[in-house]
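All chains should be modelled from the sequences, with the hints used to inform the complete structure.
Number of protein chains: 2
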Amino acid sequence: VDPRIETLQRKAAADAGVIGLGGGLPADAQFPRKALVAAFLEALSSAGLPALQYGWPEGLASLREKIARRLNGRGMNVGPDDVIITNGAQQAIALSLELVCRPGQRIGVDAETYPAALDLFRSRGLRPHAGPGAFEALYSTPALANPRGTSLDGAARAQLLARRLPILEDEAYAELRFDGALAPPLAATAPQRVFLIGTFSKTLCPGLRVGWLVPPPRYRRRALRLKHDSDLQSNSLAQAIVDHVLAHDDFDERLVRLRRFYRRRASRLAAALKRHLPSWRFRFPEGGFTIWAEADDVVDEARFLAHATRHGVSFDPGSMFRADARTTPTAVRLSFAAAPGPELEEAVRRLARAWSRRREVRSVTLPSPSPLAAM
Amino acid sequence: VDPRIETLQRKAAADAGVIGLGGGLPADAQFPRKALVAAFLEALSSAGLPALQYGWPEGLASLREKIARRLNGRGMNVGPDDVIITNGAQQAIALSLELVCRPGQRIGVDAETYPAALDLFRSRGLRPHAGPGAFEALYSTPALANPRGTSLDGAARAQLLARRLPILEDEAYAELRFDGALAPPLAATAPQRVFLIGTFSKTLCPGLRVGWLVPPPRYRRRALRLKHDSDLQSNSLAQAIVDHVLAHDDFDERLVRLRRFYRRRASRLAAALKRHLPSWRFRFPEGGFTIWAEADDVVDEARFLAHATRHGVSFDPGSMFRADARTTPTAVRLSFAAAPGPELEEAVRRLARAWSRRREVRSVTLPSPSPLAAM
Chain D
562 VDPRIETLQR KAAADAGVIG LGGGLPADAQ FPRKALVAAF LEALSSAGLP ALQYGWPEGL
622 ASLREKIARR LNGRGMNVGP DDVIITNGAQ QAIALSLELV CRPGQRIGVD AETYPAALDL
682 FRSRGLRPHA GPGAFEALYS TPALANPRGT SLDGAARAQL LARRLPILED EAYAELRFDG
742 ALAPPLAATA PQRVFLIGTF SKTLCPGLRV GWLVPPPRYR RRALRLKHDS DLQSNSLAQA
802 IVDHVLAHDD FDERLVRLRR FYRRRASRLA AALKRHLPSW RFRFPEGGFT IWAEADDVVD
862 EARFLAHATR HGVSFDPGSM FRADARTTPT AVRLSFAAAP GPELEEAVRR LARAWSRRRE
922 VRSVTLPSPS PLAAM
Chain E
562 VDPRIETLQR KAAADAGVIG LGGGLPADAQ FPRKALVAAF LEALSSAGLP ALQYGWPEGL
622 ASLREKIARR LNGRGMNVGP DDVIITNGAQ QAIALSLELV CRPGQRIGVD AETYPAALDL
682 FRSRGLRPHA GPGAFEALYS TPALANPRGT SLDGAARAQL LARRLPILED EAYAELRFDG
742 ALAPPLAATA PQRVFLIGTF SKTLCPGLRV GWLVPPPRYR RRALRLKHDS DLQSNSLAQA
802 IVDHVLAHDD FDERLVRLRR FYRRRASRLA AALKRHLPSW RFRFPEGGFT IWAEADDVVD
862 EARFLAHATR HGVSFDPGSM FRADARTTPT AVRLSFAAAP GPELEEAVRR LARAWSRRRE
922 VRSVTLPSPS PLAAM
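Residue numbers (the numbering used here), protein chains in the order written: chain D, 562 to 936; chain E, 562 to 936.
By construction, these hints were calculated from the structure, which means they are not laboratory data.
Warning: the hint list may mix true and false statements.
The calculated label-pair distances, taken between Cβ atoms and stated as ranges, are [stated by the list, open to error]:
id, chain 1, residue 1, chain 2, residue 2, range
1, D, Ala590, E, Pro745, 44 to 52 Å
2, E, Arg571, D, Val859, 39 to 47 Å
3, D, Lys595, E, Glu921, 55 to 63 Å
4, D, Gly715, E, Pro564, 38 to 46 Å
5, E, Asn633, D, Arg914, 44 to 52 Å
6, D, Ser924, E, Asp811, 49 to 57 Å
7, E, Asn638, D, Gln753, 51 to 59 Å
8, D, Ala575, E, Pro664, 54 to 62 Å
9, E, Gly636, D, Ser607, 34 to 42 Å
10, D, Lys595, E, Ala575, 47 to 55 Å
Result set (BS3-like, lysine-lysine): computed pairs, CA atoms no more than 25 Å apart in a straight line [claimed, not checked]:
id, chain 1, residue 1, chain 2, residue 2
11, E, Lys835, D, Lys627
12, D, Lys572, D, Lys595
13, D, Lys595, E, Lys595
14, E, Lys627, E, Lys595
15, E, Lys595, D, Lys572
From a predicted model like this one, the values you see are computed outputs, not experimental measurements.
By construction, the Cβ of each residue, glycine as well, lies at the ideal position given by its N, Cα and C atoms.
Take a look at the structure:
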């Protein structure tokens with residue numbers, strides 16, 4: 562990510578007057594506060610307080626068992642020891658990458674994809690590339706893509722598998738397909754070379770940083786070793802909390818509610834876009850948190866973000882999602898997940914206003930970089 | 562770590578009949594349960610529930626500020642933005658290492674040192690080496706060494722600094738020097754090349770995985786980038802909890818209590834060793850959780866651990882702590898921190914019994930490796 566863009570995003574996030582349509586944040590109103598409090602208190606009443614103590618690198622056995630069971634319900638055939646608890650999906654991607662790619666190699670990605678994966682690939686000296694070509698591995702989100710909210714059909718999935726490459730299969734948003742119609746993971750068909758990656762960040766809350774990795778069996782030992790080297794283990798307390806929530810709440814029912822909630826929000830954003838920005842093109846997403854919209858006019862992307870922020874709205878510019886960081890065609894990812902529903906329409910109104918004055922973008926000056934902008 | 566040893570340690574940990582003197586676990590009786598519950602409930606009553614939401618890679622600003630203030634009280638001169646919150650000290654070591662070392666290089670370590678650091682160095686293709694030589698970087702625990710519980714005097718510290726190398730300064734146990742007499746970190750003298758590493762794992766609880774890294778300023782941006790690549794950010798909830806505990810409790814008073822508590826336990830273990838294993842050599846530690854003891858007789862280390870486990874006690878064998886993984890001289894690290902006080906004497910009695918029958922060690926058969934033994 563362009564450090565100028567990160568600086569702008571940090572400024573926007575700190576400004577209560579700006580409605581944020583950037584980021585992959587879930588709606589905080591959907592965090593299961595009560596269930597988490599109950600889980601916490603239960604975790605802290607266990608003798609010996611294991612939720613506060615060290616655990617093993619692979620993570621809490623009962624939580625791994627629950628994850629394995631859920632995956633098996635989708636066509637996988639794994640046991641608890643096949644699952645490694647990670648700090649969200651990001652760490653699962655990072656560990657997998659270290660196992661299959663060397664600096665200088667090429668990794669295949671979608672035309673638009675998850676920015677933190679692209680950042681990671683670049684830091685590791687890999688060349689992410691969209692489109693045809695020779696690759697050493699693929700990063701894919703077949704169940705539900707970020708930012709487009711689309712999923713791969715059977716033919717596209719078969720095509721991916723036919724390439725016979727290691728695949729990092731990121732299912733971060735899979736459970737938030739609006740129709741709940743989840744195909745088996747690619748890992749169910751090719752367990753020997755697919756790294757299955759998931760997280761509770763989008764379905765429970767991201768602050769707990771509980772995700773998982775199911776590496777192919779022959780990589781498991783090395784994956785565990787890498788996890789141990791990286792940070793010994795994931796947060797014991799967070800694991801215990803998620804484990805209790807899964808044990809005592811109906812997680813599938815929760816997913817049904819979440820899908821309905823986010824689909825409603827998506828409709829709201831889509832309607833506002835059609836109304837206020839009719840020249841922008843987008844497809845209604847099949848799930849997830851975001852709409853990817855493209856415009857015909859070319860603007861300086863960072864300056865347009867600064868300009869929009871002054872109009873009281875922020876978003877994620879298109880280049881963040883592209884392997885070659887192209888800024889054209891002009892595109893934005895707009896999240897309908899985090900901003901309160903009634904603000905969505907107002908946000909789009911502001912965006913439309915900023916867009917209508919896009920000739921002013923050239924004269925916008927950018928803020929000096931934040932000392933914390935890392936990208 | 563030898564996978565046979567890890568397998569034995571896993572078996573021992575799962576066996577309630579075995580008193581564990583292995584590992585760096587704090588006493589669970591010292592976890593500030595009440596303060597943590599209060600902090601959790603407070604964190605979950607903030608509007609917008611930031612403790613459950615995504616945060617920035619560097620971590621919670623108010624927590625970083627408190628850490629900076631504490632470090633400045635010890636001669637540092639840093640602000641909150643110099644501090645990066647990590648998943649315990651281990652991740653801080655891993656991030657620092659990635660910034661200063663390339664595979665194939667040599668990193669200088671103490672004759673005995675922290676096993677997970679050695680494991681990490683080896684995984685990264687580095688050659689940890691104790692003693693004189695040409696190195697690209699040093700890993701050091703000047704304030705308080707693990708496993709020996711010793712600290713470096715002024716001359717040794719000056720000597721370290723005179724080598725003009727990047728230093729990974731691990732202060733994981735620093736605040737648990739029994740006399741509380743903390744020298745300024747090496748980083749205070751050489752902030753341009755010392756990576757200062759600390760954690761709340763030993764002083765609050767390890768399950769929260771909250772540590773910190775203060776990299777030299779010119780590495781800060783890249784350190785942040787690496788942190789983001791690794792797992793986006795550390796656990797928001799755990800950071801909020803620690804932040805609240807630091808704000809509302811007297812952490813220094815807590816440290817005074819902890820030092821007294823662990824010194825008492827150390828005395829108990831030392832007395833038991835003198836009584837039951839008078840032939841073993843050790844020095845009373847200046848702090849921390851462990852006593853390093855050496856014996857004259859040579860035994861097969863892994864088999865002796867298996868043998869001792871059958872006598873109802875486990876420990877960490879000496880090779881784990883040595884850069885060259887030597888098993889001689891026979892040595893063990895014994896923790897006085899985690900086992901309840903009254904069990905310490907019994908544990909040593911069992912160890913002495915196992916030691917007195919060490920001729921039987923040769924005939925001990927080792928268990929088949931755990932599927933999860935990663936080392």
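Has the hinted range 39 to 47 Å been met by the Cβ atoms of Arg571/E and Val859/D?
violated (59 Å)
Is Lys595/D close enough to Lys595/E, meaning Cα to Cα at most 25 Å?
Roughly 19 Å separates the two Cα atoms, so the pair holds.
Is it true that Lys595/D and Glu921/E lie within 55 to 63 Å of each other by Cβ?
holds (57 Å)
54 to 62 Å as the expected CB spacing between Pro664/E and Ala575/D, which holds or is violated
violated (40 Å)
Is 47 to 55 Å respected by the C-beta to C-beta distance linking Lys595/D and Ala575/E?
violated (34 Å)
Are Gly636/E and Ser607/D spaced within 34 to 42 Å by their CB atoms?
Given a distance of about 41 Å, which is inside 34 to 42 Å, the answer is holds.
If I claimed the Cβ atoms of Asn638/E and Gln753/D lie 51 to 59 Å apart, would that claim hold in this structure?
holds (54 Å)
Taking the Cβ atom of Ala590/D and the Cβ atom of Pro745/E, is their distance within the range 44 to 52 Å?
Check passed, 47 Å falls within 44 to 52 Å.
Cβ separation of Gly715/D and Pro564/E, checked against the hinted range 38 to 46 Å:
Cβ of Gly715/D to Cβ of Pro564/E: about 42 Å, so the range 38 to 46 Å holds.
Run the distance test for Lys835/E versus Lys627/D: straight-line Cα separation, threshold 25 Å.
Violated, at roughly 48 Å.
Is 44 to 52 Å a correct range for the gap between the Cβ atoms of Asn633/E and Arg914/D?
holds (46 Å)
For Lys627/E and Lys595/E, compute the direct alpha-carbon distance and say whether it is at most 25 Å.
holds (21 Å)
The structure is inconsistent with the numbered hints 2, 8, 10, 11, 12, 15, although it conforms to all the rest.
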